[in-house]
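Listed here are the chains, written in short residue letters.
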Amino acid sequence: MKITDFRLDTYVMKMDRLVGDANLPDGTEMMPGAILRIGTDEGLEGISLGFGTGIAELFPAIEGCDPRDTVHLWKRIRDWLHKAGNEGMASLSFSAIDAALWDLKAKIAGVPLWQLLGGREGRVKAYASGLDYCLSDEDLFRFYRRMAERGVGAGKLKVGLDLKADMRRIGIMQEALSIASDKPELMIDANEYWSARHAIRWMARIEEKFDIVWVEEPAARHDYLGLRQVSDSIRASVASAENLKSLEQVSPLLANRSASILNLSANHSGVTGCRQIAQAAHGFGVSVSMMNCQANFMAHVAAALPNHTMMEVVDPGREHCLTFDNWIEDGHIVMGEAPGFGIGVREDVLAMLQADPPQGKGKFPFPRREGAGLYIVPPQPGEVPWATTQPEE
Amino acid sequence: MNEGPEALDLRVETVTIVPVEGNAEICRLLLGTNVGIVGMSLCDKATGLIAAKLGNSAIAGKDPRAAPALYHALHAADAAPPAIAALDIALWDAKSKTEGVPLWRTLGGSRGPWNVMRGDAKGQAIHVQLEGNLDQDLERIAAAQSAIARKIVEPVIALTFPANWNHPDDAAKVIAHAQAIERHFDIAFIELSLPLDSTGAHLAIGKVIRAALCNGRGFGRISDFRPALECRALDGYLLDVDALGLTGAMVVANAAAAYDLPVLLAPSMGNLALHLCGAMPNFAFAMWDGRLTASGTGRADQSQSVPGLDATLGDDPGIGLEGFS
Numbered sequence: 001m002k003i004t005d006f007r008l009d010t011y012v013m014k015m016d017r018l019v020g021d022a023n024l025p026d027g028t029e030m031m032p033g034a035i036l037r038i039g040t041d042e043g044l045e046g047i048s049l050g051f052g053t054g055i056a057e058l059f060p061a062i063e064g065c066d067p068r069d070t071v072h073l074w075k076r077i078r079d080w081l082h083k084a085g086n087e088g089m090a091s092l093s094f095s096a097i098d099a100a101l102w103d104l105k106a107k108i109a110g111v112p113l114w115q116l117l118g119g120r121e122g123r124v125k126a127y128a129s130g131l132d133y134c135l136s137d138e139d140l141f142r143f144y145r146r147m148a149e150r151g152v153g154a155g156k157l158k159v160g161l162d163l164k165a166d167m168r169r170i171g172i173m174q175e176a177l178s179i180a181s182d183k184p185e186l187m188i189d190a191n192e193y194w195s196a197r198h199a200i201r202w203m204a205r206i207e208e209k210f211d212i213v214w215v216e217e218p219a220a221r222h223d224y225l226g227l228r229q230v231s232d233s234i235r236a237s238v239a240s241a242e243n244l245k246s247l248e249q250v251s252p253l254l255a256n257r258s259a260s261i262l263n264l265s266a267n268h269s270g271v272t273g274c275r276q277i278a279q280a281a282h283g284f285g286v287s288v289s290m291m292n293c294q295a296n297f298m299a300h301v302a303a304a305l306p307n308h309t310m311m312e313v314v315d316p317g318r319e320h321c322l323t324f325d326n327w328i329e330d331g332h333i334v335m336g337e338a339p340g341f342g343i344g345v346r347e348d349v350l351a352m353l354q355a356d357p358p359q360g361k362g363k364f365p366f367p368r369r370e371g372a373g374l375y376i377v378p379p380q381p382g383e384v385p386w387a388t389t390q391p392e393e
Numbered sequence: 001m002n003e004g005p006e007a008l009d010l011r012v013e014t015v016t017i018v019p020v021e022g023n024a025e026i027c028r029l030l031l032g033t034n035v036g037i038v039g040m041s042l043c044d045k046a047t048g049l050i051a052a053k054l055g056n057s058a059i060a061g062k063d064p065r066a067a068p069a070l071y072h073a074l075h076a077a078d079a080a081p082p083a084i085a086a087l088d089i090a091l092w093d094a095k096s097k098t099e100g101v102p103l104w105r106t107l108g109g110s111r112g113p114w115n116v117m118r119g120d121a122k123g124q125a126i127h128v129q130l131e132g133n134l135d136q137d138l139e140r141i142a143a144a145q146s147a148i149a150r151k152i153v154e155p156v157i158a159l160t161f162p163a164n165w166n167h168p169d170d171a172a173k174v175i176a177h178a179q180a181i182e183r184h185f186d187i188a189f190i191e192l193s194l195p196l197d198s199t200g201a202h203l204a205i206g207k208v209i210r211a212a213l214c215n216g217r218g219f220g221r222i223s224d225f226r227p228a229l230e231c232r233a234l235d236g237y238l239l240d241v242d243a244l245g246l247t248g249a250m251v252v253a254n255a256a257a258a259y260d261l262p263v264l265l266a267p268s269m270g271n272l273a274l275h276l277c278g279a280m281p282n283f284a285f286a287m288w289d290g291r292l293t294a295s296g297t298g299r300a301d302q303s304q305s306v307p308g309l310d311a312t313l314g315d316d317p318g319i320g321l322e323g324f325s
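Protein chains in written order, with this note's numbering: chain A, 1 to 393; chain B, 1 to 325.
Treat each hint with caution, since some may be false.
Some chain A residues judged to face chain B by a derived CB distance under 10 Å, without partners named [unchecked claim]:
1) D66
2) E208
3) L247
4) P252
5) R257
Hints in this document: simulated from the structure, not taken from any laboratory. The beta-carbon is built from N, C-alpha and C at its ideal position, and this holds for glycine as well.
From just these sequences and the hints, can you work out the full model?
In structure tokens form, the structure reads like this:
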């Protein structure tokens, strides 16, 4: 079997609601989408979802090759990118190609990807993530309660700009999740807005009231010594690596024991790169958590990792032009028997999105907010739909 | 949603061992399944007996396609690593036979050619087992080097230090021996026999010698490697698939890749570890195993060929052990 061609469809989607974090508190409802299809001489095609638009530059590295040799082809692309750098659009394209090849490999074998990768069952523990800085307290409660009604007893709140409000909202999340668990697992995410010292100070106050399982990106992604400081100073685990792209970039976190949880995704140099980092982390005794993604397709990879804790699930509505074969049940993402990632394309919806791109508020990716790592710029009037903390007169 | 083919109900039914003809010490471990596919691995007889018992109690009834998950579950239950390794290899063999492809392809790798390291002049590199007597060891290295130098300008030389230099207090002896050898030869790798958690000894030796320090042969738990990994105490890892299994070897290889360190494959029965070469990002050399070829049965694995100085894998499904008896 040989790889013959590819098709990349890019589009813009308007989600069903706003998503936001400390860097973009008022949120965005717009997001770019891309569907990569890699074709073969035998008619099967592999599909992946991502943002990469540099596929044409990398495709010659795999054209004519057997798509089942996924790791071998991954190494070819990695080496191809060595001098230019596995960064930015090149990295996203690399990731998209690799993921599509794994989808194809599983389809050739006629099995869902979790099974091809050696998982025992197509089931992964889920945690709810509201991407919720832009949600009112009422909508925040409704989101986590909706997830709890599906058995999800763990949640992650966006925090960072207003300590007292953050603590109030952690309590709201906790209460909403309490129907699924007597002791909901609580996580928070500062999205690199704090400095290490700021994280230590604010976490001390948060931990006076809450038992936090992990704090995500409490300092900048590359500040592995700062993250180590945070790790050594708080009770919660530190989670990081979401915005790194490869094992080479993640390795200082492992070598310095900077994080107890690595957040992984297909953007970590594809399925191959993601598995490589997870396995390396396992060698160092560190756990991993799969990040949210469209159609939860990376749950297939998470299900086959020995050190996976739980996967982030969100519901802003990013799958309008997709079909998929997984669902949330009893607090888990459950995958069906469809081969590969189990993703299909609703061609009519995709064509409509491409012909008449929707309009809406905001844009993606988020910029970094003023003051990040230096000082806190609290939410400005009208910036968030919840009650901010006001100075005492 | 697009429907896939009907899901295959695949289960291990029995785990047995059969002796290898012409070699009383080695046996084949066989995983029989409900669909007729048989997963195979090779191991010593004592390990085989333990593995068969373990397999019949813990693997029977399980889907062999979940090889890595079963491996981690067996380790979590604290079973004997060599027995887990034998089961793991047989599970991977069954998994790739189910797909109808060679194991290297199941793992996503490629057929090679791969660098092989041998004790004679038939590999890309030479591997010399030292005995501990300096004069004799220098002679051994010189003889091996002169044999391979006819084919390779700058041959890679790897030394394995004596197995009984296995205490952290042997560090001074290792340093003296290695420095004396390095006065005469450019050594690429030195394999030590110290415990893997001898990080102080490893670091002390690494400070004063030029060669890349390797260790790992015989260690079967991923956690065995953690002390060395956390301190970057070694310059490379020797992965022993017969102890660590294919699944564990891949985990340790990726952990070593976090430092961009190379991995070498220790000799494996039937040289089946060669299937891993393309699935690891940092494979450097595989040490050739002569145990089975020396028994007069010919090549252990007809799916492998060593036409020149390296090894190329074939297209037999699974590991390719069917041709061996």
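Results of checking the hints against the structure:
1. D66: holds, 8 Å
2. E208: Status violated, d = 32 Å.
3. L247: holds, 6 Å
4. P252: holds, 9 Å
5. R257: Constraint on R257/A satisfied, holds at 7 Å.
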